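S.K.: Residue numbers (the working numbering), protein chains in the order written: chain A, 2 to 95; chain W, 40 to 373.
Simulated from the structure, these hints should not be mistaken for laboratory data. Computed from a predicted model, the values in this text were never measured in an experiment. Hints may contain errors.
Taking lysine-lysine pairs in the DSS-like style, the calculated list, with each CA pair at most 25 Å apart, reads [said to hold, decoys possible]:
1) W:Lys78 - A:Lys56
2) A:Lys68 - W:Lys78
3) W:Lys53 - W:Lys196
Okay, here's what each chain looks like letter by letter:
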Amino acid sequence: MSSEWPLWEVFIRGQHGLNHRHVGSLHAPDAELAIKHARDVYTRRNEGVSIWVVKSNDISASSPSDKGPLFEPSNSKVYRHPTFFEIPEEVGHM
Amino acid sequence: MYAQMVKTDSDRVKSLAEMNPQERDFQERVDRGEKIEPKEWMPEAYRKTLIRQIGQHAHSEIVGQLPEGNWITRAPTLERKAILLAKVQDEAGHGLYLYCAAETLGVSRDELLALLHSGKMKYSSIFNYPTLNWADIGAVGWLVDGAAIMNQVQLQKTSYGPYSRAMVRICKEESFHQRQGYDIMMKMAFGTPAQKAMAQDALNRFWYPALMMFGPSDKDSVHSAQSMAWKIKINTNDELRQKFVDQTVPQARYLGLTIPDPDLKWNEEKAGHDFTEPDWSEFFDVIAGNGPCNRERMNARVKAWEDGAWFRDGLVAHAEKVADRRAAARVAAE
Ligand SMILES: [Fe+2]
Ligand SMILES: [Fe+2]
Ligand SMILES: [Fe+2]
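So that you can see chain A by itself, here it is in the shape it has in the complex (with noise of 0.2 Å):
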């Protein structure tokens, strides 16, 4: 028989409170195995409280030629970030 073990994505939180961050991927026959396997590989020392892991082929991704129509419009949207507008020092903190 011998056929590859799917390969999945896994992603750990840190600490409580921050996000789950992608961390790699490694191959695992299924879901349970996933997470034993991202423990040993991925958690050896103490990376994290939690662990997610979702099958690659799962995940949808946005293609690198998408890049300027999807990024390029923000770049003109200077107004959104706080450092556009200019608050007179006598205002105080804002």
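Starting from the known structure of chain A, fit chain W with the ligands onto it as the hints suggest.
M.R.: Chain W with the ligands in isolation, oriented as in the chain A frame:
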């Protein structure tokens, strides 16, 4: 190094003017220090070279577990055993991070392992030397992981995103490896005269093989020039070897051990040590498969892979059964 003498498929490095627009755009991104990510366009030769380099690096981590694993059951104390076990487990992790990075380039894990097991892909020459006694485990951590760090620290800046991120993770773990090795060396070198003699003997046997890890001089190599243009290699082999020697000499002196090179001396002018090159004919012989342990290492790898097949397959069969049962239950509930 962990990847030694990686070929690039090019006979010379193209100038920006000779490149087509796509190639030029790619090279300019690399020159600006941008990271290249998996699905982005890259020259076919860049992709292939990276698979060779990262694959060889991954194989080295995995095969590198064997000489140290040899001593886990014979470590002198329970504490040393636990430490060595953790170190060897880290190396398995390093192999896994790197295989994953290679897989983002369109090669499968099983393909890479098949290439290793058939001898078509190499691993570092250093792991074809035996670990004869406990002092060797000290020398391996101190010198072999020490040389590996030299290489891996600079590779954190490599142009390929997944490779660079794997290197960052690995480097965080490596200094534990080198320190535990040096700690063993201290214990031995400051122990009984017999222990000190063992430490000296281990240094004598591992010194030149450690220098070989950086590979032969590549200052005139087209492959290295191309790899450096692509930023998948940052320093020349000679630069790294020099750095390693300069760093190691005072460490050996502290231990009261003698580096087995009568011509080793400080050169004020170049602000570095002059030293004797390893015997490169021995290196090429080991690479060709004739080192002291090549056959033993490959047999152990292939045996582990084949003996584990029924277990890997069993887990897949179980996962499929559970998935089918779940699907059936869902249908029944509807
Ligand atoms: Fe390693
Ligand atoms: Fe290593
Ligand atoms: Fe290591």
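S.K.: Looking back at the hints listed earlier, which ones does the structure fail to meet?
M.R.: none
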